[in-house]
Each structure stands twice: as structure tokens, then as C-alpha cells.
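Construct the entire structure; sequences and hints are all you get.
Letter by letter, the chains look like this.
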Amino acid sequence: AQSVTQLGSHVSVSEGALVLLRCNYSSSVPPYLFWYVQYPNQGLQLLLKYTSAATLVKGINGFEAEFKKSETSFHLTKPSAHMSDAAEYFCAVRGGADSWGKLQFGAGTQVVVTP
Amino acid sequence: EAQVTQNPRYLITVTGKKLTVTCSQNMNHEYMSWYRQDPGLGLRQIYYSMNVEVTDKGDVPEGYKVSRKEKRNFPLILESPSPNQTSLYFCASRGPLSSYEQYFGPGTRLTVT
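Just so you know, the sequences run in chain order A and B. Using our numbering, the letters of the first sequence correspond one by one to residues 1 to 115. Using our numbering, the letters of the second sequence correspond one by one to residues 116 to 228.
None of these hints come from the bench; they were simulated from the model. Any given hint might turn out to be false.
Said to hold, decoys possible - Subject to a maximum C-alpha distance of 30 Å in a straight line, what follows is the list of computed DSSO-like cross-link-like pairs (lysine-lysine):
1. A:Lys102 to B:Lys184
2. A:Lys49 to B:Lys186
3. B:Lys133 to A:Lys102
4. A:Lys69 to A:Lys102
5. A:Lys102 to B:Lys180
6. A:Lys68 to A:Lys102
7. B:Lys180 to B:Lys132
8. B:Lys172 to B:Lys132
9. B:Lys172 to A:Lys49
10. B:Lys133 to B:Lys184
11. A:Lys69 to A:Lys49
12. A:Lys68 to B:Lys132
13. B:Lys186 to B:Lys132
14. B:Lys133 to B:Lys180
15. A:Lys49 to A:Lys102
16. B:Lys184 to B:Lys132
17. A:Lys102 to B:Lys186
18. B:Lys172 to B:Lys133
19. B:Lys172 to B:Lys186
20. A:Lys58 to A:Lys69
21. A:Lys49 to A:Lys68
Next up, the structure:
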């Protein structure tokens with residue numbers, strides 16, 4: 001079974017400051033990990049994914065995440081926040097090739113960017 | 116354009132009145148699923164389908180039905196909606212098992228009074 005914990009339901013960052021969103025996972029098999037972003041009144045868009053290749057994954061809009069097996073973490077970062085980064089972010093885990101694609105989502109982190 | 120579409124986008128209904136939310140994808144994907152999104156709970160899978168005529172329960176299937184008669188369509192049926200089914204619903208699709216990305220529809224906001 002897989003599960004995801006996102007630390008912090010709301011994060012407020014200043015424009016230009018570092019964005020750090022925390023995600024810890026639990027998985028009984030080698031996981032595939034994802035970060036999705038949801039802008040207001042829109043569906044989910046894939047930011048980036050880890051699929052057992054490079055542990056540092058770069059995504060769209062300047063985001064990146066690092067897979068750390070020893071810490072069971074997959075934190076999302078962006079060096080400099082932009083106003084357009086205001087959205088809700090979801091971490092998700094899929095239990096490898098045998099899970100039939102089911103994604104287990106975290107509860108989400110709402111990001112507010114202040115001028 | 117590759118996309119997943121859902122209709123309606125917004126729906127207000129009353130307890131017990133049967134409704135269907137449609138989902139269609141134009142990517143010839145085999146795998147489709149339905150999620151509901153609730154504050155503080157993230158997205159939870161309701162039902163999924165691995166191919167035509169093959170469906171199975173997800174984590175929260177109670178009160179919902181699905182069907183997969185065509186590859187492109189995967190409607191969600193609420194035969195007797197109740198207020199606790201007020202939620203934001205997302206349909207998603209994915210290609211072969213080796214494919215990683217799921218494509219999400221724009222969502223359907225359902226209110227049951």
C-alpha cells in the first residue's frame with residue numbers, strides 16, 4: 001500500500017523567495033512519485049515525475065524535486081517564487097508498474113505568494 | 116488537441132435525483148479513472164477502468180456506479196445522490212501501463228442539497 005503526507009496545508013511565500021513544499025511517502029514497492037499543480041478552477045497539471053531514473057527531477061515552470069530514498073521524501077522546490085505560482089500543489093505516489101496506475105494523493109498544499 | 120473533457124462543469128441537484136457526469140478522452144487511452152477532491156483530503160479514487168468492460172472499485176466507491184462501453188467514454192453515475200457526495204470530481208486517463216502521466220479533466224463541481 002502507498003500513502004503520501006504533505007507537511008503544511010498552507011504556505012505563504014514572498015515573491016522572489018524560495019518555495020519549499022514537503023512530501024513524504026510510504027510505499028511497499030519502489031515508487032513512482034509525482035507533483036501536480038492545480039490553478040483556481042482548473043484541473044490538475046503534471047509538474048514533474050520521478051520514475052526511478054535520476055533522483056533530481058526538473059519540471060515545468062522552474063520547479064524541481066529530489067527523491068531521497070533514505071528519508072522517503074520527495075520535496076518540491078523553486079528558487080524564486082512568482083505571483084503566478086499561487087496554486088494548490090499535490091504530491092502523489094504510484095506503487096510501481098503493478099499498481100494499474102492508481103495514484104495516491106496527499107492532502108495538498110495551498111501556496112500563497114505575497115508581493 | 117489531446118484532452119479529457121467532462122460535462123457538466125457545474126451541477127446543483129437535490130437528494131435522490133439520479134445524475135450522470137460524462138467523461139471523454141481523445142487519446143485512445145486504455146486506463147481511465149474517477150477521483151473526488153475534498154478539502155484536506157486531496158483526491159481519492161472512486162472507480163477505475165483498465166479497458167472496455169473492465170472496471171473496479173477504488174478507495175471510495177460507495178454511492179457511485181460507472182460503465183465503460185466504449186474506450187473513449189467513462190461516465191460516473193450517482194443513482195441516488197446524497198449531500199455527502201457534494202464534491203469536486205475529476206476524470207483522468209492514462210495510456211499503457213508503462214506510461215506515467217495521467218491526464219485530468221477540468222473537473223465537475225457537484226452540489227447536492
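Status of the hints after comparison with the structure:
no., hint, result
1, A:Lys102 to B:Lys184, "holds, 21 Å"
2, A:Lys49 to B:Lys186, "holds, 26 Å"
3, B:Lys133 to A:Lys102, "holds, 27 Å"
4, A:Lys69 to A:Lys102, "holds, 21 Å"
5, A:Lys102 to B:Lys180, "holds, 18 Å"
6, A:Lys68 to A:Lys102, "holds, 22 Å"
7, B:Lys180 to B:Lys132, "holds, 14 Å"
8, B:Lys172 to B:Lys132, "holds, 23 Å"
9, B:Lys172 to A:Lys49, "holds, 25 Å"
10, B:Lys133 to B:Lys184, "holds, 20 Å"
11, A:Lys69 to A:Lys49, "holds, 15 Å"
12, A:Lys68 to B:Lys132, "violated, 48 Å"
13, B:Lys186 to B:Lys132, "holds, 27 Å"
14, B:Lys133 to B:Lys180, "holds, 11 Å"
15, A:Lys49 to A:Lys102, "holds, 15 Å"
16, B:Lys184 to B:Lys132, "holds, 23 Å"
17, A:Lys102 to B:Lys186, "holds, 18 Å"
18, B:Lys172 to B:Lys133, "holds, 20 Å"
19, B:Lys172 to B:Lys186, "holds, 18 Å"
20, A:Lys58 to A:Lys69, "holds, 17 Å"
21, A:Lys49 to A:Lys68, "holds, 14 Å"
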